[in-house]
Amino acid sequence: MNYGPLVFLAAFFALAGSWFGLVLTPQVQVGRLQQTNSVPGGATYPVARPGLAREGLDVYRANGCAYCHSQQVGQTGTVCDVVLNEIGTNPPALFAALGKLKGMSEPQARQLVSGLPKTILAGKAKEEADAATKALNAAGAKAQVWIVAVGPDISRPGWGVRRSVAEDFLFDYPVMLGSQRIGPDLANVGVRLPDPNWHLLHLYAPQAMIKGSIMAPYPYLFEKRKIERFPSPDALVLPPQMAAEPGFEVIPTPQAKALAAYLVSLRADIPLFSAPVTVASASAPASTNAPAGATNAPPTNAPAK
Amino acid sequence: MSVPESSEPRAARRAIPVWFIILLFLLLYWGMVYFDLRSGWFNERVYAPFHNLEQVASFQPISGEGEFVMKGKQLYSLNCAVCHMETGTGNPGNGCPPLAGSEWVSAAGPGRIIRIVSKGATGPIEVAGKVYNTGTMLAIGDQLPGDEPQKAESIAAIISYIRKTFGNNASAVTPEQVSKVRDQIKDRKTYFSPEELKAAPEAP
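Chains as they are written, first to last, in the numbering used here: chain X, 115 to 419; chain F, 2 to 205.
Hints should not be assumed to be uniformly reliable.
[To be verified] Subject to a maximum C-alpha distance of 30 Å in a straight line, what follows is the list of computed DSBU-like cross-link-like pairs (lysine-lysine): (1) F/K165 to X/K256; (2) X/K256 to F/K181; (3) F/K187 to X/K256; (4) X/K214 to X/K240; (5) X/K232 to X/K216; (6) X/K232 to F/K165; (7) F/K165 to X/K248; (8) F/K181 to F/K152; (9) F/K187 to F/K165.
[Said to hold, decoys possible] Only some residues are given here: those of chain F computed to face chain X with a beta carbon under 10 Å: (10) F51; (11) P62; (12) M71; (13) P195.
Source of the hints: derived by calculation from the structure; they are not laboratory data. Predicted, not measured: the structure shown is a model, and the values here were computed from it. Quick reminder that beta carbons are idealized off the backbone N, C-alpha and C, glycines included.
Can you build the whole structure from these sequences, using the hints too?
Right, here's the structure in full:
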């Protein structure tokens with residue numbers, strides 16, 4: 115029996131199916147993704163990286179940073195906290211409501227509301243938090259539901275406050291998602307470590323900045339040169355045992371500066387519709403993913419924090 | 002018992018049991034229901050751990066006073082900061098008074114500042130112990146985009162922002178208060194003078 119047509123059809127449908135699922139569907143889904151707005155705040159997100167940081171993406175790619183560092187924060191759930199902002203006009207009613215909510219006596223409730231704003235309930239389901247907020251607000255107080263993303267990544271200090279979504283990578287080409295975490299995730303590194311000088315020192319000598327780091331040093335992104343008349347303002351401020359011999363200094367190349375600018379431009383703390391999270395309004399970023407430090411300006415040689 | 006060498010193992014035909022077909026359909030049905038409830042139907046705004054768009058919408062942070070003030074900050078940068086500066090220090094060279102520490106801004110009642118922002122002001126005006134007499138403030142409030150309710154909301158956001166920043170610490174202003182004042186002065190075509198403003202009620 116001639117199985118040719120059958121084999122052909124089977125292969126055709128297998129390839130067509132994977133093309134449909136892996137190429138066409140994602141293209142329909144996010145192919146026309148556009149800038150969006152942060153929620154709340156309404157600031158445009160994302161904004162394109164500053165020029166130097168955009169160049170840094172190419173340095174990041176060329177040096178294979180993505181082999182050891184991912185740029186994607188995961189999230190396994192979303193919970194609600196109830197935060198009491200103001201006692202309001204009717205404290206006895208508030209204490210009664212708090213007593214009912216938390217099963218506490220009035221003196222305990224009185225103690226609880228000292229030093230507002232304070233988290234009253236944490237890690238609750240949406241319905242429960244809404245009901246509690248309603249009960250507190252009915253007692254004249256000002257309570258608010260805080261949306262909190264949870265997950266193993268988010269519980270790590272400085273890794274971001276919400277999951278990564280497609281918008282985060284809108285202006286990155288190629289997207290440096292990474293798949294291995296031999297080093298830490300870098301999606302939020304610009305918030306975690308906002309100082310470009312720290313990154314320059316860390317690229318030159320990782321072990322000088324983090325004890326026991328297994329990261330490879332990148333000395334070829336730096337140049338050791340003789341000090342001519344004046345020392346360069348860009349020279350790295352190195353610990354004594356790593357410093358260049360007297361009369362020499364270590365200068366970051368433009369690639370190193372671009373890479374540091376790129377790293378401090380990475381952040382995963384902007385609340386979006388598709389990744390809702392409550393951020394304190396005092397720290398709500400005015401301009402979304404603009405880097406924490408001014409990255410267009412060349413890094414100075416101020417000592418690392 | 003020995004098996005003859007010539008005998009090949011043979012599979013006999015047998016019908017698929019009915020229970021197996023029913024199980025398959027039940028699994029398919031369960032799969033479709035699961036997909037329907039949890040896939041978000043491939044909506045690009047639905048990511049795990051959310052199941053559908055309604056759920057994402059229900060988890061949006063509730064807008065509060067903080068967000069309103071943030072909106073005011075953006076509007077301030079666009080419309081006001083050219084003269085009054087991002088830091089609210091004003092620009093004495095232009096005759097533009099400061100907002101930081103200004104008694105006009107942080108008055109207990111926002112009636113006068115609503116009038117200034119809505120219709121502008123001109124003439125020598127004393128702010129924080131200094132007289133500014135060369136500047137004129139345009140009717141920024143009337144020039145804001147949108148219809149009247151949107152203007153009132155924008156003005157309320159701007160005033161709430163300037164009353165709460167630059168070291169000022171006065172209460173926020175609601176769009177209703179702004180609408181009420183703007184209703185009283187809606188036919189006015191000229192800038193306010195400081196004397197007129199002083200005559201105007203402080204309460205909205």
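Do the hints match the structure? See the list:
With a C-alpha separation of about 18 Å, the suggested pairing of F/K165 with X/K256 holds against the 30 Å cut-off. Annotation: proposed proximity of X/K256 to F/K181 holds, straight-line Cα distance about 26 Å (limit 30 Å). For a cut-off of 30 Å, the pair hint linking F/K187 to X/K256 is broken: about 35 Å separates their Cα positions. Restraint check for X/K214 and X/K240: satisfied, since their Cα atoms lie roughly 19 Å apart, inside the 30 Å limit.
Restraint check for X/K232 and X/K216: satisfied, since their Cα atoms lie roughly 14 Å apart, inside the 30 Å limit. Among the hinted pairs, X/K232 with F/K165 is consistent with the structure: their alpha-carbon atoms are about 21 Å apart, no more than 30 Å. For the hint pairing F/K165 with X/K248, the CA-to-CA distance comes to about 27 Å; that is within 30 Å, so the pair holds. Of the supplied pair hints, the one linking F/K181 and F/K152 holds, its CA atoms being roughly 13 Å apart against a limit of 30 Å.
At roughly 27 Å between alpha-carbon atoms, F/K187 and F/K165 fall within 30 Å of each other, so this suggested pair holds. Taking 10 Å as the C-beta cut-off, the interface hint given for F/F51 holds, the closest approach to chain X being about 7 Å. The interface hint given for F/P62 holds, since its Cβ lies 4 Å from the closest Cβ of chain X, which is under the 10 Å cut-off. Annotation: interface hint on F/M71 holds; nearest CB of chain X at approximately 5 Å, less than 10 Å.
Interface restraint check for F/P195: the shortest CB-CB distance to chain X comes to about 33 Å, outside 10 Å, so the restraint is violated.
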